[in-house]
Amino acid sequence: DGGITQSPKYLFRKEGQNVTLSCEQNLNHDAMYWYRQDPGQGLRLIYYSQIVNDFQKGDIAEGYSVSREKKESFPLTVTSAQKNPTAFYLCASIGQDFYNEQFFGPGTRLTVL
Amino acid sequence: QQQVKQSPQSLIVQKGGISIINCAYENTAFDYFPWYQQFPGKGPALLIAIRPDVSEKKEGRFTISFNKSAKQFSLHIMDSQPGDSATYFCAAGPHFNKFYFGSGTKLNVKP
Numbered sequence: 046d047g048g049i050t051q052s053p054k055y056l057f058r059k060e061g062q063n064v065t066l067s068c069e070q071n072l073n074h075d076a077m078y079w080y081r082q083d084p085g086q087g088l089r090l091i092y093y094s095q096i097v098n099d100f101q102k103g104d105i106a107e108g109y110s111v112s113r114e115k116k117e118s119f120p121l122t123v124t125s126a127q128k129n130p131t132a133f134y135l136c137a138s139i140g141q142d143f144y145n146e147q148f149f150g151p152g153t154r155l156t157v158l
Numbered sequence: 831q832q833q834v835k836q837s838p839q840s841l842i843v844q845k846g847g848i849s850i851i852n853c854a855y856e857n858t859a860f861d862y863f864p865w866y867q868q869f870p871g872k873g874p875a876l877l878i879a880i881r882p883d884v885s886e887k888k889e890g891r892f893t894i895s896f897n898k899s900a901k902q903f904s905l906h907i908m909d910s911q912p913g914d915s916a917t918y919f920c921a922a923g924p925h926f927n928k929f930y931f932g933s934g935t936k937l938n939v940k941p
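As given, the protein sequences belong to chains F and L, one line each in that order. Position one of the first sequence corresponds to residue 46 (our numbering), numbered consecutively onward. Position one of the second sequence corresponds to residue 831 (our numbering), numbered consecutively onward.
Among the hints, a few may not be true.
Stated by the list, open to error - List of simulated lysine to any residue pairs, SDA-like, C-alpha gap at most 25 Å:
# : chain 1 : residue 1 : chain 2 : residue 2
1 : L       : Lys872    : F       : Ser67
2 : L       : Lys872    : F       : Asn98
3 : L       : Lys928    : F       : Gln101
4 : L       : Lys888    : F       : Gln101
5 : L       : Lys845    : L       : Lys928
6 : L       : Lys835    : F       : Val157
7 : L       : Lys835    : L       : Ser885
8 : L       : Lys936    : F       : Gly85
9 : L       : Lys888    : F       : Gly140
Claimed, not checked - Sample of chain L residues at the chain F side, in silico, Cβ under 10 Å:
#  : residue
10 : Gly873
11 : Arg881
12 : Arg891
13 : Gly932
Source of the hints: derived by calculation from the structure; they are not laboratory data. All C-beta atoms, glycine included, are put in the ideal place defined by N, C-alpha and C.
Can you build the whole structure from these sequences, using the hints too?
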């Protein structure tokens, strides 16, 4: 998947718990993104970061938080404030050549029990 | 308001046939129109993309047709193969930071 790893592949959470999804890339890309995918729907942007120690909210940031302490890593925390967290979460990174250097990770499927 | 509308939701094509997936967008400021291919349980992969200064782009069996005045673009898969069976997403936007994705088309190519 183009040098992006996400872990874990499957994650189960009890209601009221925070969970953190990992995203690591070895592509030396500055820009990283988190998307949420629900069945029958397109991808929706949660957060993105274009540089270390800086990140911006996407369209559905409520109930999520991120950090970008290292260029290679962009973890996403799904907090208990996210009312409907069960979904497939995708991380992506973009290179300097935006039109050709777009890579998505393999995804993490989060299920709230 | 849905910024990008994709159809059909699902598509069944015989091997060797042509698969056609359509998308329509609202915002005339959009200037980048990619298509992504996603296999079950995997992340999407960029398949082919077009800018509005051209009306068609072809890469192998995959062609994007773009109609700026109608605000529509489509993906054509020629000589469709069972290995093409996947979900296809269109997207549109001024930049990856502000992409709007279609709802996806599940393609099934029958052998």
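Hint status (Cβ of glycine 873 of chain L to nearest Cβ of chain F, threshold 10 Å) | 3 Å, holds
Decide if the proposed pair is consistent with the structure: lysine 835 of chain L and serine 885 of chain L, CA atoms, cutoff 25 Å inclusive.
-> 19 Å, holds
Take the C-alpha atoms of lysine 936 of chain L and glycine 85 of chain F, compute the straight-line distance between them, and say whether it is at most 25 Å.
-> 9 Å, holds
With a cut-off of 25 Å on the C-alpha distance, tell me whether lysine 888 of chain L and glycine 140 of chain F pass.
-> 23 Å, holds
Restraint status (C-alpha distance of lysine 845 of chain L to lysine 928 of chain L at most 25 Å) = 36 Å, violated
Distance restraint between lysine 872 of chain L and asparagine 98 of chain F, which requires alpha-carbon spacing of 25 Å or less = 29 Å, violated
Has the given pair, lysine 888 of chain L with glutamine 101 of chain F, been kept, meaning a C-alpha gap of at most 25 Å?
-> 35 Å, violated
Proposed interface contact between arginine 881 of chain L and chain F, which counts if any beta carbon pair is under 10 Å | 8 Å, holds
Go through the hint on glycine 932 of chain L and say holds or violated, using the shortest Cβ distance to chain F against 10 Å.
-> 5 Å, holds
Do the alpha carbons of lysine 872 of chain L and serine 67 of chain F lie within 25 Å of each other, as the hint requires?
-> At roughly 16 Å apart (the allowed maximum being 25 Å), serine 67 of chain F and lysine 872 of chain L satisfy the hint.
Within 25 Å, alpha carbon to alpha carbon, are lysine 835 of chain L and valine 157 of chain F?
-> It is violated: about 30 Å lies between the C-alpha atoms, which goes past 25 Å.
Is the Cα-Cα distance between lysine 928 of chain L and glutamine 101 of chain F 25 Å or less?
-> 11 Å, holds
Comparing the model with each earlier hint shows violations of hints 2, 4, 5, 6, 12; every other hint is respected.
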